[in-house]
Amino acid sequence: MTQLVQTLILGLLVGGVYALLASGLTLIFGVMRVINIAHGAFLILAAFLTYSIWTAIELDPLASVVFTTPVMFAFGWILYLATVRRIRGAHMSSSVLLTFAIALVLEGVMGFVWGNTSHSVRPDYFNESYTIGDLFLPKAQVYGFALAAIVLGSLYLILTRTWLGRAIRASAFNPQGAALVGVNVSAVSALTFAIGVGAAGAGGSIVAVLYPFLPGSHYQWIARLLSIVVLGGLGSLPGAAIGALILGIAEAATVTYISPAWATAVPYVVIFVVLLVRPQGLMGTRLREDVAAA
Amino acid sequence: MLRVRWLVAAFMVIALVAAGCGDDGEDSASQDGGGGEPIKIGASLPLTGEFSEPGKAAKEGYEVWQAMVNDAGGLLGRDVELVIKDDASNQNTVVSDYNALISGDKVDLLLGTFSSLLNLPASAVAERNKMLYVEPAGGNPDIFNRGFKTVFFAQQATADHQGDVWANYIAELPEGQRPKTAAYPTLDDPFTTPTSEGIEAILKEAGIETVYRETYTADTTNFDSIANAVKSKKPDLVVAGTQFEDGIGIMRALRKVDFTPEWLYQTNAPSFGDQYADGIGAENTEGVFYAVSHSQEAETPGNPEFVAKYQEMFGGETVPEDAADAYAAGEVLQATVEANKTIERADQLKLADWLRQNEVETILGPLSWNENGSPKGEFLIGQWQSGKAEIVLPEEAATTDAIIEGYKPGG
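Top to bottom, those sequences are chains A and B. Sequential numbering of the first sequence, starting at 436, is according to the numbering used here. Sequential numbering of the second sequence, starting at 151, is according to the numbering used here.
With the rest of the complex left out, here is chain A (with noise of 0.2 Å):
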């Protein structure tokens, strides 16, 4: 019994993260109609610089989501401006084409700059745990979960309870619907993907304390991802979340109950059972090919 409780707490702490890593992806998705396969390219960029300013100054690594999630959505919204904007109303390959172009850029760059061997971002807390009993939750998880809920949330509240919010839901609705009534789609798409890479800023400093990372850590963050995604619902920010809890759970649960040999198979095992039962996903809603959106 204890071992179930401890696999499902690991599993919700660490699905938890998977949330926020995932937001900004279905959020650019419902928004744009825009697969970005660099988005596990952007976590990985933004661990690095959570690397750059603990060295640089110790500051503490979660702490860093203050520098890194203005950095990183600063840089989303010029990428946007330079490259994604003109791939707008272009089949959705054209946006898998592009973004893994940028996904292999970023890598190289990040080779350049860091060298291309293994970082690891060890605050005080890094391999500490709270014990509750025979149960144990390790604190980086703990407080990663937490931040994670924290911005999970604020981003929800900028979605449901703001003007700009209602222009993103809006603008992901129906684009023609929203422009005719005021809505700057193609400004409010900027900011959707300059939203959704700092979202990728803020998860990208939490993976900084979790994880070892290297440039080429990103191909392993986009598959689990893309399939947190599928199973959620494409577009769907809950769909997403629910989605993240689900898939860690399932991988705790896998390693602990099958092994971990089939762990990282999880995800892709997700990606077939959805698309075959259900292609929408969880929370998502099927897309009209007969009247896309341009």
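Just so you know, not all the hints are guaranteed correct.
[Said to hold, decoys possible] Which chain A residues face chain B? A few, computed with CB under 7 Å, are given here: (1) L445; (2) S564; (3) A687.
Please keep in mind that the hints were generated in silico from the structure rather than gathered at the bench. For clarity, every value in this text was computed on a predicted model and none was experimentally measured. All residues carry an ideal CB built from backbone N, CA and C; glycine is no exception.
Once you have looked at the hints, place chain B on chain A.
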């Protein structure tokens, strides 16, 4: 739409350029030494991707060897020029790299790449082209049971025997001290798996029961659940069959779940010196055992000079083991070329035959080979003590008299 296509095309070009430029791409260099046309020696190394850590070290080792050979007048009186490609830790890329080195760059000689995973396919390319292939890493026994005539491993033993000395030490501990149960979390990798299985065979023989043996894949990032599963089995001893990245991950996870086995042996990662200590925290290294091929303090022929030259060229106090292995591979190649006085392609099988019949003095100690190219020696056993990597076994090679009995993390 046309614009979009151009944009995408432009980006792909940028990406390819970025992936191929800087110090990650092809590197060709020669230094002053002997006269005449330089001898081109080709290798592909994992300079990017998950094996980039050892790949970079191996490149440095080759470069030190090149510099020292050229300083001493070259190989057969000619300069040595290295042609090094980046295989991005990818099995397909390493194959095309070695094909390109042989038929495109027309190199005279080859040196191996890093890790069994990449040497398995790369050595097949060399064999097909009847080129001598001395590899600095790649101890998987399967490399040597394919009937190849050209592959030679420039370390002391194959992976399945890497932990023999340590496993025998544990097996021979007095009854009361000897652990009773063992766990073997292992990366699915052609180097780590046979190493871990080799140790398990000896420990099982000594009555140490296996309570956990699981394999995880190379793209595993989250080790907490694995560490938790190991903890739940309460093993006295843990043999972590790891490369570098996952090795750091699993050690950190064991600390997080607050599990300290009485004994801990880990493959590969602990031999990375400061990088290992940085990754898991120096205080958590105390008592970790590992097998290692090279000791910086060893009085083997040429070792002090190699260490000095490495420090001169690349700085830092510690010399990575993989740099030393790469250097030793260069020494082995040099020995057979100088003995046979040829680098002709038609003579490469002759170079291989010479290695089968002779012993070569290297900075790792004397190396000699079986018919199949696998080495005949024994590894050194290292242990982290007070934040420093020491050699503890065998006694004649030890850099300290003390062996810390067990794993004692936390400073």
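- Query: Does the structure break any of the earlier hints, and which numbers would those be?
  - Reply: Of the numbered hints, all hold.
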